[in-house]
Structures are given as C-alpha cells and as structure tokens.
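Listed in order, the protein sequences are those of chains X and F.
Per my numbering: the first sequence = residues -7 to 538.
Per my numbering: the second sequence = residues 9 to 286.
FYI, nobody ran anything at the bench for these hints, they're computed from the structure.
Be aware that one or more of the hints could be misleading.
To be verified - In the DSS-like style, the derived pairs of lysine-lysine whose C-alpha atoms are separated by at most 25 Å in a straight line are:
#1 X/K187 <-> F/K141
#2 X/K187 <-> F/K61
#3 X/K223 <-> X/K240
#4 X/K98 <-> F/K207
#5 X/K212 <-> X/K240
#6 F/K219 <-> X/K98
Said to hold, decoys possible - Counterexamples of contact, computed for chain X against chain F with all Cβ distances above 12 Å:
#7 N11
#8 E89
#9 P173
Idealized CB from N, CA, C, for every residue including glycine.
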Amino acid sequence: MEVIRDETFGEQLAEQVSNPESICSWEKFKLAYQAAEDATVPSFEGLVALSHLPHLELLPHQRDAAEDIIHRMQGRAILADEVGLGKTIEAGLVLKEYMIRGMVSKVLILTPASLVNQWVTELYEKFLIQAYAPRKKPAWKEANIIVTSIDMAKREPHNREILDTAYDLVIIDEAHKLKNPATKNFQFVKELQKKYCLLLTATPIQNKITDIFNLVSILKPGYLGDLSSFKKQYGKKLGNMEGNVHLKQLVNNVMIRNRREDTGLSDTKRMVKTEWIQFTEEEQQVYNQLENIKGTHPSFTYLTLAKELCSSREACYMSSKQMLEKIDANENAIHLKNLLEGIEQLPHHAKAQKMVEIIQQTDEKFIVFTEYRASQLYLQWYLQQHGISSVPFRGGFKRGKKDWMKQLFRDHAQVMIATEAAGEGINLQFCRNMINYDLPWNPMRLEQRIGRIHRFGQKQDVKIYNFAIRNTIEEHIMNMLYDKIQLFENAIGELDHILEQLDIKDLGMEVEAIMSESTSHGEAKIKLDNLTSVISNTKSQWRSSS
Amino acid sequence: MSEAVQHYQFIKTFFQEYGCPIVEDNSGRLVIQLTDEMDEALMNRPFYWHYIKKMGRQGDPMSLTLITDPSLREEKGEYIHSGAPRLRQFYQYLLENNKYTKLYETVNHSPIHAPMIPWLVVNVKVHYFGKQKKDETHSVGLNLIHGTILSPAMEKLENIEFEPTISDYTFPMTPLIKVASGYRRILRFIEEHIEAQDKTWVQETLVAREKERKLIEAFFTDKDNEAERRQLEKELEDLMGRFTPRVTIEVINGGMFYLTQETANTMISHEKTALKRT
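Given the sequences, and given the hints that come with them, work out the whole structure.
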C-alpha cells in the first residue's frame, strides 16, 4: 500500500508565515477546517446521506440498492426494480450521497416529459435537492441539476450544449425506451459525457437478450463488442445468457433488480375481481349485426369495431362513421349504415352502468382506465349525470395540465378517467381502487396500469376490477388469455422471461394477429388456446428450473 | 444542533468574515449583499468583471438570498442543504484561500514580559482509496521548543482568542525545531496512525481487482484487433486507477500558533490525562 504525502507544505508554510498577505485570520482558519471536516466521509461502508435525511423513510432494499450502486458498481448501473418499488427514491439517494461526498455537482436527469415535474418535486421534498426543469431558454451551462425530457434535450440547439458539458452523473428514467440503438435517442445518450450513469427501467429485458446488450453498452462501452458480433456469440435467447458465466457476471456487476416478493412490499395485497357483464338485448343485437361486416371488410375492421362497441356506443359510432365517409356509396356501405342506425337506438352502455354501480357503493377514489377517447368523454358525462365528480387524464396533456389533474383528483374529484397513454409515470398511491373498463390485449400494459396505485407508498390493499362482457370478443380475451396465464396473481417479472424464451415480441400484437387472421371463432379459440398453453408450459418449466 | 441551524451559522460567519453585509436575517433566510471581491469569487460572471475593470467603472455586486430553514423552502431564494453545490462552493473558496496562518494568543494584562511558545498546527485530510473510499481529518499540534505532539489540536484551541499581532508585554520565543522539520515530524505521526489501522481493506481491494481484471480480459479477447487491444489497455489502466489501494495525506491548512506558557501547559496536561484514560 502506497502512502502519498504532500512533501512541500512545510517549506511553503515556513516561507508564507513571514508574508502578511498570505496569512489568514483565526476565524477563517477555523471555518476552512470546519469545511473540510464537514465534507469528510468517515467510513468505507454505508451512506452518509442517511444522517442528513432524518425525515425520509427508506425500505431496506432501497438503502441496499444505493449502497450497491455506489460501493460495488462504481456508480454505473441499471436499476431494474419491479414497478412501484421506488426506483426514483434509490436514484435520488445515490445522487444525494454523491453530492454530500462532493463527487458530483453537474447532473442531467432525462425522463419522459410527463415525469419531469414529478422528479423535481420528489428530489425537493424527499432529498432537499433543488433541481431545475428548463422551459423556454434553458441555462444548460449554469444550472447544476437539470431535469428534462429526452425529446427536448436532443433537439437543436440544446443538444450541442448538452453534449459539450461533462456531467458527473446522468440519470435516465424509463430507460427501456432506449432499447433500439438505431434511434436518435439512443445515439444521443451514448454520446453524453458522463462519469456516473444510472438507467432506470422496470423491464430491462422486454423482448430479446439484445435489449440488455444495448443498456450495458451505454454503461460499459466496448465490453460487448458490436451488436452483430454479440448476436453471433450469444444468440438471441435468454437461456444463452444463463450459460455464459462472464456475461452473467457482467450483468450482475451493473444491474440491480429487486422483486416485489423479496422486499416485503407485498404487505398490501392486490385483490383482483373479474366483473362479468351482460349486454342488454338491444346491445347484443347490434353487436351480432357486426358479424355482417366480416364478409365485406377486412377482418381487423370487424375487430376494431367489436372492441369499440364493447367499450361505448360513442367509440364505435365515431369510427364507423369515419369508415363510412371513406368508402363510396356502394353496397358495402349498407352494413355500416345499418350499424350506425342500430347504435343510435342504444340505451346506456351496460359497462358504464356497472361502473357507476361499483363506484356508488363507497366514497373512496377510483381510477378508471379505458382504451378510447370517445369512451372517456362519455364516461365523464355519464358520471356527472349521477353526481359523481371526475377528471380526465390523457397522455397528450401538457405537463402542467397533468399535474393539475392529478391534484384535482387527489383533493377534489372522486374518479379519474384515464386513457392508455396515461399508464406510465403518474403515481396515485392515494387511490386504491382501479377499474379496467377495457382490457388491453397486451397483459404487460395492465401491469403498468396497476403499478400506478399498487406501489411504494400505498398503505391499503388494492382492489382491481376487470370488466368483460359475456358473448363478445372480450370473453375470449378474458378466458383464453388472462385467466389461463393467471396473470393477475403473479408479478410480471416472470412473464418477461417467458415471452423472452418464446421469442414473442409483443403479446398484444400476437393476440391481435390471431384474432384478425382467424376466419372463425373456433379457429381463433384454438390458436389462442395454443398460445396460452405454450406460455403456461414454459412458465412451469421456468419455475421448476429457477 | 440541527443541520439547518449549523448551516445558518456557518453561512453567517462566512459572510461576516468576508465583509459582506447581511441585509436581512430572518433566522433561516439570509439576504447578503456581496462585495466586489465576493461577487467575483462566487457569482461566476467573469466577463462582467473583466469589462467593468477594463472600463474602470464601479461594479454593481449582486445580493444573494440563502434559505437554510426547510420550512421556508417555498420562499424565493437558494435553499442550502448538505451537498448543495452553493455550500460546496463556499467550502472550496475557504479551502483555497486559507492555507497558512501565524497567530498569537491574546493576552490582556501581562504583569511581566511573558514568553509566547511557538506551536506548529497542521490539519490534514487522510484519504483511503480501496475499492471504496473513506477519509479522516486530523489536527496535529507540535511544540516547536521541545517537540511534544498534541492531537487533536484544533479542538483544544477552538475557544482561545488569537490575533495576527502579538499582545503588549509578550515576546515570541524562537523555535528550536524548524517549521519544515516540524512538519515532517507531524507527517510521521500521521503515518504511524495509518500504519496502525486495520488493513483488511487493502487485501479486499486486491482480490476485487483480480476478479475484475479476469472479467475484463474475458471480454476483450481479440489481441490482433488493434482497436480492441487498445481498449483493453485502457480498461486495465482505469481498473488499476480505481482499484489500487493507496492512502493520500492532503493538507487542509496549517500555521504557527504562539501560546502562553500557561495555555501550553494545560493543553499538554489534558493530553496526558486523556492518554492515560485510553
């Protein structure tokens, strides 16, 4: 062990004490000593930040994660905890620790635009860190801690200034969006000058082993060669990674993944209930009428309209009308016209009635997810008719409006009606009831939704209601997909691996393809049965092997 | 004392010492009028000051609003917390500008011509670099007449009054030990302390380095590929930089302190009892 010492200070001091210019006062001498003492880190282990944050309640896995990142991983890591375990808190803790140790002062945090304000607030409230979210004319150079969206950062002229800056720490939230190396986002992030770097994602491997390649190559450039040689060496399947001891070790050196079951967070339970709904006779008639379209229109048209009719009259009406405007007045139009007439006669939607019935049983707050804008508007109006206050929420809202809606929901309204695009990023731990008014065809997206309320900070058991209408396409989806995979009972993490092994890219698209390519109910049923049995099969193998 | 109060007091003393008037003081929120010198040092606007000086004009220094009380965070101003870049800037400034001193204990009424005994006080920060880092501050005093060592020294001197000029009716004794060799004695004292520490961390670092080296070499195997070979070299060099166990002794500041015989005696006797106790 080498000891490096300042050899010259003695001579300098001897010389300087006779020079009144360089002599400092007693008070300043003491202050300088105090400054040095204050910035001392007295122990190899542990986090200095904890004693500076007495108000912050941390879970053991969050503390461990931050320690691991700082001590074991040298500040370059993929933080891949499951949804709702507090990745932001872990990242904030790492940031705070580095700041107190004086190792970090220039920081860039890139998040989806919808999360920018939330980051700023959380850093401020939880970590007493003042971060800056630039709006019009950003002071990239002057500000120390910047939170911004990747879309803003990569735009001219911001990108040049940002790429010119040497950051001590770069944090990227929702980093799974970087999985495609051909995108500008990916290139931009790769070019950033960064000493430490945290990538946050709940789904580090979404589809292929190459996803992990891309994230690792941001943190450890060069280690895995280029993509083509990587593919040659490791193939595509996750199984190959398990077999490669070095790759496994490397991933282990850069990735932290806490699962809900390991963290004691399962304290609040998740109760999932399927609500079976029966169309009224009139509704069923119109729904059956849709069958006529199959002969004259592409099968996905039928599929779209059927899904929409299961959601609301409005959703279905809007798209049938648009379709009608596009086609000439030939005989194909007759079915659509009949359909439109049928829809016009319909009473209130059976699902909407069920929704009101459930909400009226209690004063508690509810978040309702629908896939369609038209349904969202309709539901808001329908709730209002029953004296229930609600706010809308959409992915397309501006940042400020999102914050405002969230606040209105927390303080005033009983219900929030959100469309799919709002599934990521907004945190609503103060609400514990969720109605999945329409089920997404990709079960992974449902997990993202549930993660909005069943997450760190939720103090009560969570209730999830999944709506499905009998004798419709929804019954197929519910029975064949959701029930068989028993998705709701399990953490999504497993499904990641399973889909990975099966090389299924997007389950939703897979299902959609089956539904639209099949010529009959029977065929669709058989194909979906096959899909689910393959998944369950792989799942039991996975379980027994791990 | 709460952290907020500590920061508050620190900032207040800091600006008082640097002659910046405190315009508003609501215990927890301070408005400080900077002087030209401090504006130049802290506000990061070199072009402004360059221009002002070139034109021979009067500068217009800014004021700074700092908040230390968490409950006032919503008000306008910079919130100061542990790790806040502004606080680090103050630290940095202090450390850069207060390296050396020569001070005399204040003596109010001296009946006779009292001798003042020279002490060398050196404050250091010892950094331990293993696979992780830690550091310690040490304050060591050395009596330059007979070589007694006192540690920690600053804590002993803290409440004594010192001035840059010698009090009436007192005279400084000439050191028998030269400052430079006194400094070497202090370094030796600190090195003995380092030697006496538990060394498991050194071994742990070497083991971790070996493991990491094997991992790196497993990924950069193509020795014929020039680019890959160069990257391997770079990675290994980085690794050596990060994982080579070493200790550095960095001087925070140091100075000559002239103490009365009486003060010197009490400090040493305290030291002896302290040693006996441990």
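Quiz prompt | Hints violated by the structure (numbers, ascending) | solution = Violated hints: 2, 4, 6, 7 and 8; rest satisfied.
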